[in-house]
Amino acid sequence: MSILEESFSSIHKKLHNKEMKVSDLVDASYSRIKEVDDKVQAFLTLDEQGAKEQAKKLDEALENNDTRGLLFGLPAGIKDNIVTNGLRTTCASQLLSNFEPVHNATVINWLENAESVTIGKLNMDEFAMGSSNENSGFQTTRNPWNIEYVPGGSSGGSAASVAAGEVTFALGSDTGGSIRQPASYCGVVGLKPTYGRVSRFGLVAFASSLDQIGPLTRTVEDNALVLGEIAGHCKKDSTSADVSVPDYLSSLTGDVKGLRIAVPKEYLGEGVNEDVKQRVLEALKVLEEQGATWEEVSLPHSQYAVAAYYLLASSEASANLARFDGVRYGVRAENPNNLIDMYKETRSNGFGDEVKRRIMLGTFALSSGYYDAYYKKAQKVRTLIKQDFDKIWENYDVVIGPTAPTTAFKVGEKIDDPLTMYANDILTIPVNLAGVPAISVPCGFSEGLPVGLQIIAKPFEEGTVYRVAHAFEQATDHHKAKPEL
Amino acid sequence: MARITKDQVKHVAHLARLSVTEKEVDTFTEQLDAIIGFAEQLNELDTDGVEPTTHVLDIHNVLREDKQRPSLDREEALKNAPDQEDGQVKVPSVLE
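Here the protein sequences come in this chain order: A and B. At position 186 of the first sequence the residue is numbered 186 (my numbering), and the sequence of numbers has no breaks. One rule links them: number in my numbering = place in the second sequence (from 1) + 485.
Since the hints were made in silico from the structure, they are not lab data. Cβ atoms here follow ideal geometry from the backbone N, Cα and C, with glycine treated the same way. Treat the hints with care, as some may be off.
Unchecked claim - Stretch by stretch, here's where chain A covers chain B in the computed footprint (C-beta under 8 Å, at least three residues):
| no. | stretch |
| --- | --- |
| 1 | 492-505 |
| 2 | 535-541 |
| 3 | 565-579 |
Unchecked claim - If you want a taste of the chain A side facing chain B, the calculated C-beta under 8 Å gives, among others:
| no. | residue |
| --- | --- |
| 4 | E19 |
| 5 | G369 |
| 6 | Y371 |
| 7 | Y374 |
| 8 | V381 |
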């Protein structure tokens, strides 16, 4: 097994026993990338020099027994919509192909405090709009389990890089499922925290009322460790919650006795693949054997979530993406006739089709005469979806279902039909609309492709999510499976 | 009946500062019509008296003292600007 595929605690033991150095870890990461990234295509930008300098510094600290960070020496990949000072950040858009940020996102500063090492920036659907990575302006990341299949999206590069053993963990962002769905497709652990749990400062905004940054890892314990380092109140994000961060590791008790699980019938109904459904029922049995109980419930407004989401997220995006005008940064159109022409040409040359489509939809939904019918209506439906969850929490601790209705699909299979592509997110979107935390953990396979189990809990109950996910993981071997590349 | 016309698509593209070819107008008209048609299922729900949700958290304005603090220096702020002159961002003429 490659050292990068070992758990954080096992890697740390080896570092402290002087069996290896941080430089060895970083070298292992780049040599794995050189070995497999031609196929996987997860990385857009590498920072080999910066990472090696950082490794050298950390090795000196290790020599002096001065290691403070809980993520000490761990090679990490960062989704390319999280800004990194001096390291190119493109959002996988041609418009930002030359953009070098002049500051770090809060999560990057906090990772630096935790002493992890940034290896490079990871591919995604352009501006996080998509479910397959096919909307990247640069390349299509492939699923390490079968490179003819998509890795999911939008954090497809993040999920694929962890699954391929290129890094020990990655950060992604999740607006409608963009961490959980690729985690499910690539067989890794991905958490979307409660809205407000992790600072969005320095996350290039897509839909500000829905976006959250979260970790992708191979195990639940590693995931909890990363979240513990990036969660917390940040003065630079006015929507960041001033709620104390618990010790997530102490939640990993393995005890789910008496846990009350709600299984929405809408999450195992029409459109959900039979194998996926079976894997979820098997997972529920595992939890039952450990003393949990489950009952079928209804989240009656689930079927309206996708429509409400696309109106809301696109509306917010149309406003957020107005800043990409070619004035202060980005690739400006050449020889424009006038200012308006410069805006239009810059944006039309720089944005891909899906981004244009969503800007247009959002602009339409917010435009005079349509605002009440579409945008406001969707906001009201969002209230109903949130209330569905609020009612569940009166009697249950967690909601469990599949992360996605199917396993990964083939590259090119859905790219021409936006509505079919959107349907992929039907089980993840309600979670963003309600603002609650949810994880995807591997729960087996269907025809050689991973299936993800989704565990959802109350706001700020990431500890409960981790407790259940960990108990399930420890009782099964799904997380030990590795793709052959 | 079409839910969105080609003229509306052109108007929305202008509002969004996107230039579109005739071919793109055709494609977007068709696709946006399908998406808006899909979104109209929301009208099946009675939302009279339902408060719209703008934010899931109970958030309120965050204020701080209006004090001078260090910020980006000019050189850094202009680092990514495609065109500049005398320490300022340069754009094509606004007035014809």
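Results for each hint:
For the stretch 492-505 of chain B, the proposed coverage by chain A is satisfied: 10 residues have a C-beta within less than 8 Å of a C-beta in that chain, meeting the threshold of three. For a cut-off of 8 Å, the count of residues in the stretch 535-541 of chain B with a CB near a CB of chain A stands at 7, and the three-residue condition holds. Counting residues of the stretch 565-579 of chain B whose CB falls under 8 Å from any CB of chain A gives 9; the rule of at least 3 is met. For E19 (chain A), the shortest C-beta to C-beta distance to chain B is roughly 42 Å, which exceeds 8 Å, and the interface hint is violated.
The interface hint given for G369 (chain A) is violated, since its Cβ lies 10 Å from the closest Cβ of chain B, which is over the 8 Å cut-off. Hint status for Y371 (chain A): violated, given a least beta-carbon distance of 11 Å to chain B, over 8 Å. For Y374 (chain A), the suggested interface contact is upheld, since its CB lies about 7 Å from the closest CB of chain B, less than 8 Å. Interface hint status for V381 (chain A): upheld, as the beta-carbon distance to the closest one in chain B is roughly 5 Å, under 8 Å.
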